[in-house]
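Chemist: Sequence:
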Amino acid sequence: MSGPRPTPRLSRARREVLQRVGDRGGQQVTLADVHDDSHRHPNATRQLLAALTADGFLESAPLPRGTRGRPPLAWSLTTKGRRALAPADETATLVGVLASYLVDRPGPPDAHELGLQWSRAHEDLITENSEQVDDLITVLDALGFDPVHTSKPAGDSVSLRACPLVDDARARPDVVCEMHRGLLDGIIQRLGLRQGVGLVPFADQHGCRVEVSADDTDPSS
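Once you know that position 125 of the sequence shown is 125 in the numbering used here, the rest is easy, because the numbers rise by one and skip nothing.
One or more hints might be untrue.
To be verified - Simulated restraints on C-beta separations: (1) R46 with R172: 18 to 28 Å; (2) T150 with H112: 37 to 47 Å; (3) L63 with D23: 31 to 41 Å; (4) R65 with R12: 31 to 41 Å; (5) H112 with D23: 11 to 21 Å.
What the hints assert, rightly or not - Here are the computed lysine to aspartate or glutamate pairs in the DMTMM-like style, where the Cα-Cα straight-line distance is at most 25 Å: (6) K80 with D185; (7) K80 with D124; (8) K152 with D124; (9) K80 with D110.
No wet-lab data here; the hints were simulated from the structure.
All residues carry an ideal CB built from backbone N, CA and C; glycine is no exception.
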């Protein structure tokens, strides 16, 4: 079955470099700030920074300077990078949500309601009265879905190229994909989106797709 790839896990070396960027404020951190010459060669650290940037955990920009010559690059954490450094990973958060729901509800769990509760566990990622579709993408990125935004005349489309629960989704799409619909509904309710928003599981070989139509109809219906 085609679809999204599993959400990538950071190697020990990448996590260590990402942590050093975070420990130094997370903004405009240079190679010299991150590098530890007793541990690895500077080129190895540079390659790790480049890999973290390519995977969306960091962003880089030339550091302003008042002297002539090429300015050094500086790296800053992205939302995805900050999320990766959180004490508990997304799987642990989801397990906690599932456990609390099952304790409170004696009957069989409703996957959509589980997704709604999952979204409430991440309300800190949602800001009200903001660019709504952009914030939707920010939240999905932070949760490990690797979203790619495409604008179309009929509305916006967001391809989800990774999934933190992709193996479970392939085995039980009726449960996991419905839970993700609940997650999506919880996010858009908090953002106040008025357009119709729908999830199309395993839409193509690259992943699932979130469709945001120009009206209030559900694009996935």
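Chemist: So, for every hint listed, does it hold in this structure?
Modeler: Hint check results:
Look at R46 against R172: about 43 Å separates their beta carbons, and that is not inside 18 to 28 Å. Between T150 and H112 the beta carbons are some 26 Å apart, a value that contradicts the proposed interval 37 to 47 Å. In this structure the supplied range 31 to 41 Å is violated for L63 paired with D23, their Cβ-Cβ distance being about 18 Å. A hinted range of 31 to 41 Å holds for the C-beta pair R65 and R12, which are about 33 Å apart.
A C-beta distance of roughly 40 Å is found between H112 and D23, which places it outside the suggested range of 11 to 21 Å. For the given pair, K80 sits about 21 Å from D185 by alpha-carbon distance, which is consistent with the 25 Å threshold. Of the pairs offered as hints, the one joining K80 and D124 holds, with about 14 Å between alpha carbons and a cut-off of 25 Å not exceeded. Taking the CA atoms of K152 and D124, the gap is near 29 Å; set against the 25 Å cutoff, the hint is violated.
Annotation: proposed proximity of K80 to D110 is violated, straight-line Cα distance about 29 Å (limit 25 Å).
In summary, the numbered hints that this structure violates are 1, 2, 3, 5, 8 and 9.
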